Amino acid sequence: MSKKTLTLMSKDKQLFNIEEHLAVQSVTIRNMVKEDGASSVIPLPRVDSETLALVIEYLNRQQAPEEDEDYVKKFVDERGEIPTLLELAQAALDLDIKKLMDAACMKVADLIKDFTLEEVREALRIENDRTPEEEKAIRDEFQWAF
Amino acid sequence: MIVEDEGDMINWIDEEVDNSRQIFQGSTHEFQEYFQRNSEIRSNEVHHQLCADLVEHIWSNRDYDGNDVARKNMASEVLRGSTTVLAVIYHVKSLDLSSQEIRTIIGPSMEDLPTELTTDILSRLPVNTIIHCKLVCSKWRNIVSDRLFATLHLSRSPTGLIINHNPLMYRSDYCFPRNYPGTLKWVEIEDKVDHHHLNYDCLFNLDLNLAPILQNARMCQVGSVNGLVCLLQCGHKVDNTYICNPVTREYMILPRQRSPTEDGYLRFVYGFGVSSLTGEYKVVRAFQTKTVVRNGDNPTAQPSVLEAEIYTLGIGQWRSLGPVPVTYRLNIFEKFHGLFLNNHCHWIVRDFEDAHEKIATFDFDKETFQLFPYPPPESVKGLSKGLAILKGCLCKLETYVSELTIWLMKEYGIKNSWHKELVIRREIYIDLEWPLYKVIHLIAGLKDGSILIVFENKICVFDPRSEMLAMSGYKGLESPNFLSFDQCTILGEGREPDGDFWSNWKGREHQLSIAKCWPMIVGVSNGRVEIATLERNPVEIDFWGSGGASRREAWELAPRGCAGRLRAAKPEASRTRS
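Protein sequence lines correspond, in order, to chains L and B.
If you read the first sequence in the UniProt record's numbering, its first letter stands for residue 1, the second for the next number, and so on.
If you read the second sequence in the UniProt record's numbering, its first letter stands for residue 1, the second for the next number, and so on.
Do not take every clue at face value.
To be verified - Between beta-carbon pairs, the in silico distance windows are: (1) 40/L / 148/B: 35 to 41 Å; (2) 113/L / 323/B: 50 to 56 Å; (3) 423/B / 27/L: 31 to 37 Å.
Calculated directly from the structure, the hints in this document are not laboratory data.
All values derive from a computational prediction rather than experimental measurement.
We put the beta carbon where it would ideally sit given N, CA and C, even for glycine.
Produce the complete structure using the sequences and hints provided.
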């Protein structure tokens with residue numbers, strides 16, 4: 001019996017094939033398959049091809065359930081760069097793959113927890129939208145924490 | 001430092017390396033020059049200029065090099081090492097790149113991500129860095145101020161132990177002042193299936209002795225829920241109730257109870273819990289007042305009926321619940337405050353009529369008292385008793401001369417599920433002080449099967465399999481006055497006024513002067529702190545008073561560990577009043 005294959009399309013229109021029984025680890029895809037059989041291509045407009053390749057690599061893993069936890073951890077550890085992890089987490093959120101999202105978010109939190117404010121803003125590319133006065137007010141309020 | 005175009009490659013000529021090769025020992029001039037150049041290379045201005053040049057360079061290549069992927073690789077290769085990515089973004093923006101193109105070059109910004117994802121990531125941060133998140137940007141501040149965030153963070157935060165360390169409590173010489181609030185200490189428990197570990201960070205201590213309102217008072221713990229601790233100040237003529245969050249150092253003083261009679265209380269007991277239906281935090285107290293009965297010429301004090309009143313955090317006043325119907329004739333043990341489990345507070349009570357011990361509960365949803373199934377009576381009466389939680393179940397501890405028994409109620413509320421879970425015999429640990437008439441505190445059952453117990457003034461770990469009892473070897477954790485096993489959370493940090501309980505606290509009870517932090521901290525930032533007196537009139541108290549240097553040192557030691565790092569400005573000593 002041949003296994004059914006699904007085709008996923010990334011934001012930049014690249015196509016990826018994946019076996020259906022592996023793809024349905026994603027709750028989003030599972031629901032789509034349930035609804036209309038998903039014979040056609042599944043578009044993922046927010047996921048770029050590099051991230052999708054990672055997600056597919058993750059979905060294709062062949063791990064015993066008891067090693068799975070370690071595998072997910074290692075999987076995100078090896079891609080320990082914040083931009084990649086954020087893309088991965090967002091893809092996992094869109095596709096509703098809980099384990100992957102948990103691991104990616106945990107890794108980002110681990111990476112940024114020892115950063116200074118400036119480092120956090122830089123790593124996550126956040127612009128400080130507050131005036132120095134506002135910032136000082138908060139600093140004063142929680143002076144003991146700094 | 002120059003950028004050279006060699007076909008597709010961009011090379012950074014690293015002058016640092018070249019330079020260091022030329023340095024020979026003893027040449028101060030070249031050595032200085034090296035550092036000068038080094039600092040030039042590292043100067044922000046130069047760096048920004050270089051980044052700008054670089055982006056321009058990449059950009060100018062765009063027209064004839066149509067290969068997007070190659071360009072992206074090239075840019076990310078170079079920018080990966082860049083420490084000031086913001087500067088690059090700035091220049092990229094000035095070149096009119098669309099946000100999509102920026103994202104293609106240097107990866108996503110947290111700002112593009114769904115809030116859900118940001119919330120998820122932030123909820124995994126340790127509690128002491130949450131305050132830093134408030135400073136990053138307004139979006140983050142809003143996220144961490146959200147009530148749902150607090151709930152999410154709580155579900156992920158580790159369990160810990162809040163200890164009130166009070167060595168003076170155990171001194172034998174009675175002339176020493178015993179009314180002494182002690183120090184709050186925080187122990188995080190690493191609780192794994194195969195091992196456990198207590199992480200004690202002495203820098204996290206919160207010295208209550210430094211707070212003027214707490215001086216000459218003893219602190220008792222009522223209970224703790226979701227990281228909030230309810231403390232009772234039981235000194236001479238004071239019985240203030242505090243709700244505090246030791247992690248954020250926020251606290252509030254509850255208003256005084258409805259006035260007791262002049263004769264005072266005969267006995268009272270507290271309970272602190274949260275309603276599962278409304279999520280409201282409540283403090284309940286049951287009390288008996290004395291009434292003087294004139295029996296001929298001899299006036300005698302008689303206990304009045306047991307009454308109860310309740311305080312819902314955010315409402316602002318105590319509400320009477322009237323006489324306690326079930327425990328009408330019961331004599332609640334003093335000093336034993338309610339144990340919160342399963343939406344109820346539990347107390348051991350004694351029935352006046354048949355002298356039997358029973359358990360009374362208070363339902364935080366329905367706000368009613370009830371009697372609760374008690375374990376089968378034993379032939380020999382124990383010397384002291386207490387309630388605790390083990391493996392999520394209610395259990396009763398009973399101390400005898402030779403042993404400690406632990407009864408456990410496997411299914412909550414089912415009388416038949418009471419069974420004797422554990423017996424710890426005194427002979428296995430001879431050196432241990434075995435308190436006969438004091439409650440032995442059982443703190444927690446850990447996932448690896450061991451149990452944390454406090455004997456008199458030592459925290460011990462008991463392993464039921466090997467029957468080994470070992471003292472936790474932490475200096476500074478001996479002599480605990482009270483303990484609470486709870487999660488550490490940011491619950492109750494300053495919130496936007498969206499109607500949830502914490503904002504209500506700040507709004508309605510402001511006249512009672514809710515300091516945002518512990519007074520010692522407010523004292524540092526303002527020099528003065530406003531604290532409600534017993535008469536409810538806010539007064540200014542000079543925090544530092546004439547405390548002198550030693551107190552300041554003590555303070556400086558205290559907050560350092562709170563954030564885990566002290567990179568920003570140190571507290572300005574000059575601002576404190578001396």
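Against the structure, the hints come out as follows:
1. In this structure the supplied range 35 to 41 Å holds for residue 40/L paired with residue 148/B, their Cβ-Cβ distance being about 37 Å.
2. Restraint check, residue 113/L to residue 323/B: a C-beta distance of roughly 52 Å satisfies the suggested window 50 to 56 Å.
3. Between residue 423/B and residue 27/L the CB atoms are about 49 Å apart, so this pair departs from the stated range of 31 to 37 Å.
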